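Going down the list, the protein sequences come from chains X and U. All the letters of the first sequence, read from the start, carry residue numbers 1 to 551 under the UniProt record's numbering. All the letters of the second sequence, read from the start, carry residue numbers 1 to 317 under the UniProt record's numbering.
I should point out that these hints are in silico values taken from the structure, not numbers from a laboratory. It should be emphasised that the depicted structure is a prediction, and the values quoted were computed from it without experimental measurement. Some hints here could point you the wrong way.
[Stated by the list, open to error] Residues on chain U that point at chain X, a partial pick, calculated with CB under 7 Å:
id	residue
1	L47
2	L151
3	V157
4	N160
5	P163
6	A222
7	S275
Beta carbons are placed, not taken as given, at the ideal position from N, Cα and C, and that holds for glycine.
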Amino acid sequence: MLTKKNTRAAWIAVLALATAAAWPREASADTVLRIGMTAADIPRTLGQPDQGFEGNRFTGLTMYDALTGWDLSSAEKASVVIPGLATEWKVDDADKTKWVFKLRPGVTFHDGSPFNADAVVWNVEKVLKQDAPQFDASQVGVTASRMPTLASAKKIDDMTVELTTKEPDSFLPINLTNLFMASPAKWQHFYDKAEGADAKAKSQAAWTAFAKDAAGTGPWKMASFTPRERLELVKNASYWDKARVPKVDKMVLLPMPEANARTAALLSGQVDWVEAPAPDALPELKQRGFKLYANEQPHVWPWQFSRVEGSPWNDIRVRKAANLCVDREGLKDGLLAGLMVPATGTFEPGHPWRGKPSFEIKYDKAAAQKLMQEAGFGPNKKLTVKTQTSASGSGQMQPLPMNEYLQQALAECYFDVQLDVIEWNTLFTNWRRGAKDPSANGSHATNVTYAAMDPFFALVRFLQSGMAPPVSNNWGFINNPKFDELVKKARQTFDPAARDAALAELHAASVDDAAFLYVAHDVGPRAMSPKVTGVVQPKSWFIDFSLVSMK
Amino acid sequence: MLAYIARRIVYVVPIVISVALVCFLLVHITPGDPLVAVLPADASQELAAQLRTAYGFDRPLPVQFGLWLMRALHGDLGNSIATGRPVLAEVMRAVSNTVTLAIAAAIIGFTMGILLGLIAGYFRETWIDKLATSFAIAGVSVPHYWLGMVLVIIFSVQLNWLPAVGAGPGGSATWAWDWAHLQYLVLPAITTSVIPMGIVTRTVRALTGDILSQDFVEALRAKGLHERGVFRHVIKNAAPTALAVMGLQLGYMLGGSILIETVFSWPGSGFLLNSAIFQRDLPLLQGTILILALFFVFLNLMVDIAQAAIDPRIKRG
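One chain only, chain U, in its complex shape (with noise of 0.2 Å):
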């Protein structure tokens, strides 16, 4: 096994180089300024020149690449151009924001969608199936953001009953699981959890469905194994895949989505790069990305490894 985790973590090595180049390259070789945060669109060329030398932005690609690189290996991304803060604090805050909105809407989402897919796998091609399938396309399907201007009006417009947008009251800097908090988080938690829902459901549907179509199930049903035992089974054979769509899905959610964390102004990852894309400040912009990116590259490496846990098999291939 630790060979298993060790050989993974290798391979993490050339992606995350390989994501820093591509997050740098990005937002280099797209048209534009890049000191469109600090500099006037009306400024002239001369003035436009001169802080293009103080920030460096005149140095060959790769001399930025490199230095560049080399600053984030120490933990420094640098300083945001709009803002002068550092980056790496601006994205954390960010990040811990978009965390708990992901741990949130995963909770419903998960629950909702694995609840969902085993009544629908257990009861295939009834209307129970029929009914929490549509629930699962519905959620795929329905753009999201809109869903969160629906859920806007009739909760915040017109019953007056959760706040329509922010994080939180009075701008504390920390977050607690108080009312007082959480009532700023249910209607965007459970807008992004419809996706990863409807996913889930899918998914665990399609699981259940064919594991309880096996023959080994046929053959613990005759030994006279329990419904409970029977599930249990089901359960243990249909976890490796349901936990690597899961965690897919929870890395989507850490990326933090730009839609809905600006329809409800949740200060996290997606609305940071909101602000750094409208902006264009481009050390602000690379380290969000470069940050999301390791989130991801490392939460994918934590459900492998969770994977090759629970399925041996996994290991062996």
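This is chain X alone, in the form it adopts within the complex (with noise of 0.2 Å):
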């Protein structure tokens, strides 16, 4: 039985233990900002990031720069390229496949070496050039399919150099957003003191002794790092853009794919910002105070069409139909709980590659089902569509909850919908391999989101014939010569505006061609706590984390 005086000191060794629990655990008088990742470790460090553009957000932009970069400034403008560290570029006007670049005076690598031509050309070899010394097959693939036609650099001077391409890309400018310049010096440092049987062995550990310890010229400096921990950048208070120079003193980035553990860390003052949070926990986050941005991302959340001899989708006005057949708006304030923006194409109206197409995809329920009489369809004769999907995967949002409701709605208008869910990474290699292969099972349509970052992602590789397996993703073996003659006029256009143009004119055709069942953009929704002050959610996959500051 406890006495009087046990009893007392008790309730003094629980009143210790939780003052103690309740302590703040990263008392400090520099300003920090942590935030929960949906990534499972954080991505790679050395420079050409892995895990998606979730890890170009985190490790690519915020440690490194390209010579392009992105316009992150603006909530409510499309985000487009802008210079980076080229300050300026210009086509070969003889010679369409060679560009020259300036390259920014004055800024260097966070380990104090020079940013030049010699480091533009080491960090395009580093990827292209077999038999260079830095060359790494494990970043080839994150970097050579967003640049595909990027052959060779040489330097011209100091600050300026040369690119080639395959053949003339007026895309290369946009391309090039994904190139990170990290610090050859350093890497020779690392080079020179690694231990390996050969010069490939001293490479690899050259690179992994980078990664533990990198150096671009970005905003944010690596200061500490545990794989599959944390991530800790601090201000690069000499940043050459002083406009960007981080408010905030330390970013600390955790992985944390669980929705709910993400949520209940914020929740719990764990983190500051959350990417993704769960989304039945909106409400109370809402409630509780914390802070809500979701914006217009450039992705697509599409069918893709078979268009081999037999398919179905052959016929525009089934194509057509099945567009105005789904209530998107239905979708998004339903089942979405409002985390999506109806699509009406890949890009919509206020970006600059939009045009003007002159089918409106909308709700139009009446006018879908007309359509499909055309069509020959009708309640008595349903026309039997098979869709690809995968239950879950990367920026895929609810594919099967999504799909049994396009089911439904497209029922209305006379479709019989037949699902094949298969995993994630099944269908991504299916992606590849096209239509007419056996592993599409028999399916007239696929379902696997897509970026739209830039022309070649978003429009060329499913829209041009030569596109087509095994070349890249024209999935349904899409044959229009008109996709073809504008794909070539964007890609052979190198004033930016007459480019831009060009493009407009590519996008508006395939709307008015139903080349996708276009369904939703994904809003990339984040909550942070209300002490995070001055964030621009901008309409892209990034986020400029320098605006940032902490109350």
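Dock chain one against chain two, each of which comes alone in its own frame, and use the hints as you go.
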């Protein structure tokens, strides 16, 4: 039995324990922004991040710069390409495969070494020149596919570099946003110290060491790195763009793949910012004063139609009917709790590549039914279509319930939708193989979401006939001479405004042809503590952490 | 005893090779592209083929297995496709975090389980037994990831007493047994402990009840042995079976729980497996499964030897 004295001692112990538990966990004079990412691991830190654009967002655009960058300063305007480490660029008038980039003077890497033409050449060769000492196969995959025509780089003088493409390609400056400049001097330092049987082994060791102690030119510098646990970045006070010198002293990135865990971490004050909070927690987050941000992203949630012989989607009336039969507002307000933007194409009004399509994608069930009846279908003669999808997957939003919603919606327009649900990675693999491959399992459409940051990713790889498998992602073997002609025109138009106009023409043509069933754009939801201010969520996959302050 | 140990070690060799073969084949026969981790989904077939050759995934499966096994025998499990870091270092780091969690969960789960099991066994068919048994059933029945979330909601979100996620402050590479670290361990350890607690309770209860009903106990009592002495006999007779059960449970815990470690973002082997599966990082996946399987085999071996040391009848069998 407890005596009075013991009871008092026990209470003191409990109070002491509670006080210790409630004590601020990171007491410091520095301002620290702690972010819960959706990634299960810190994206690669060596210059070319993995984990898709989440990788670029957190370990690419923070520690590194590219020759060109994205304007992330506005939540209203479409995010467009702006000068980065290159101040200006121009294609050669005589040979359209050659580009000259003028480099920004006075920029240094975090290790103090200068950024110059040699550094650009070195960074191009790290992913393109197989016999270069710094060539790293592990960085090729995430780079080469994002700038498919870049062939080589040559120094003209210290501040000028010439890049060559395999064919005339006006998209190059946009593609170059994906090539991050790592410090050659720092890598060389590690290479010289590395032990290995041969140059390849030394190179690999140097990259491994570089990833732990990286140096780019970006607004954030690596401070400490614990794989799979956290990455600490500190502000680069001498960043070349004074407007983008970070306003907080330190940013801590924490991998938290589970949505409920991220939300709990935010609610308990363990982090200040989470990506993609659990959707059912949004009301509580709002009620407790947390701020929510969302904006249309360059992302499309579509059905990509098969256009092989015998496909029901070869009839444009059927394609248009499907596009008119989906109540996207209902999908948004019901199933997705507001976390989507209804898609009326790959690009929405206001985007420079939108154009002026004459076919208006909207919910008009009567018009859809009429089109289907004209095509020979009706309540007693339904059109069976099969779509391949996955139950989950990065960027896929809520594929299964969303497809079930489409299944019900399209049933009202005389479609009988059958879903072939397969594992996410398998769906990806099948995507590359195309609609004619046995792996398509007889499907008439595939449901893989796509990024629409650059013209190649957004349009060309789907619409150009030459991009059919095994070359790229024209899964449905679209073969439309008009698209081919417009792709060529856009690629070979080097004046930025004229190129944008050509892309707008291509996009409008694709909408008029109802090339896809356009359903939704993701909105990149994120939630944060009221202490976090200055956040601008642009219409982009990316965000500028430099603008963020902590109260 | 030495002969017994040697025989058990020899038995382990084919098991280890079979485990290696199964874990190699399992990740290879599943559909999908092994280069998902480094290759964007929208990369061309041409680039995919180029990298497939660079990583050796275009070679016949037996050749790949042979090379992988040879390297593994030399302690080289290759590099993670996704991160480029050596698989062995990745796995060992994760395993050390899981071991920390498993030790804490084992201390809680086994202590509670033995205690409740003995109480329930001694007081069979009383309300005390029913209460302890209900507790044990709840332990094995409640989905542990759900329990984890409930604990987080109460102790992190509502009371703000304990961290909701992570394995320690400041990303320090080494674990320390101080409150700054221990506070991160409390909730995942309690969550992890409920299943072993329930299983151990039920096992010890059954064993205790069974032993207490045997004639030799009556004989001991009739000879005038006091209850403490009888209790010692009960413990001694129950120990081998209980130890086997606890060994298995410890094995499961050392394997890490994908669900618990994901709920708490605890960077252990379960979290690593989740990440490797999600990224389809084949070398990491194979290495993690292999190391975990070896741990399991090793632990079983240790349990067998410990059982034999406690109960001489086992050696004869």
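Hint check results:
Annotation: interface hint on L47(U) holds; nearest CB of chain X at approximately 6 Å, less than 7 Å. This hint is violated: L151(U) has a C-beta 10 Å from the nearest C-beta of chain X, more than the 7 Å allowed. A cut of 7 Å between beta carbons decides the hint on V157(U): the least distance to chain X is about 4 Å, and the hint holds. With a least beta-carbon distance of about 6 Å to chain X, the hint placing N160(U) at the interface is held under the 7 Å criterion.
The criterion of a C-beta within 7 Å of any C-beta in chain X is met by P163(U), whose closest approach is roughly 5 Å, and the hint holds. Taken as an interface hint, A222(U) does not check out: its beta carbon lies about 36 Å from the nearest beta carbon of chain X, beyond 7 Å. A cut of 7 Å between beta carbons decides the hint on S275(U): the least distance to chain X is about 4 Å, and the hint holds.
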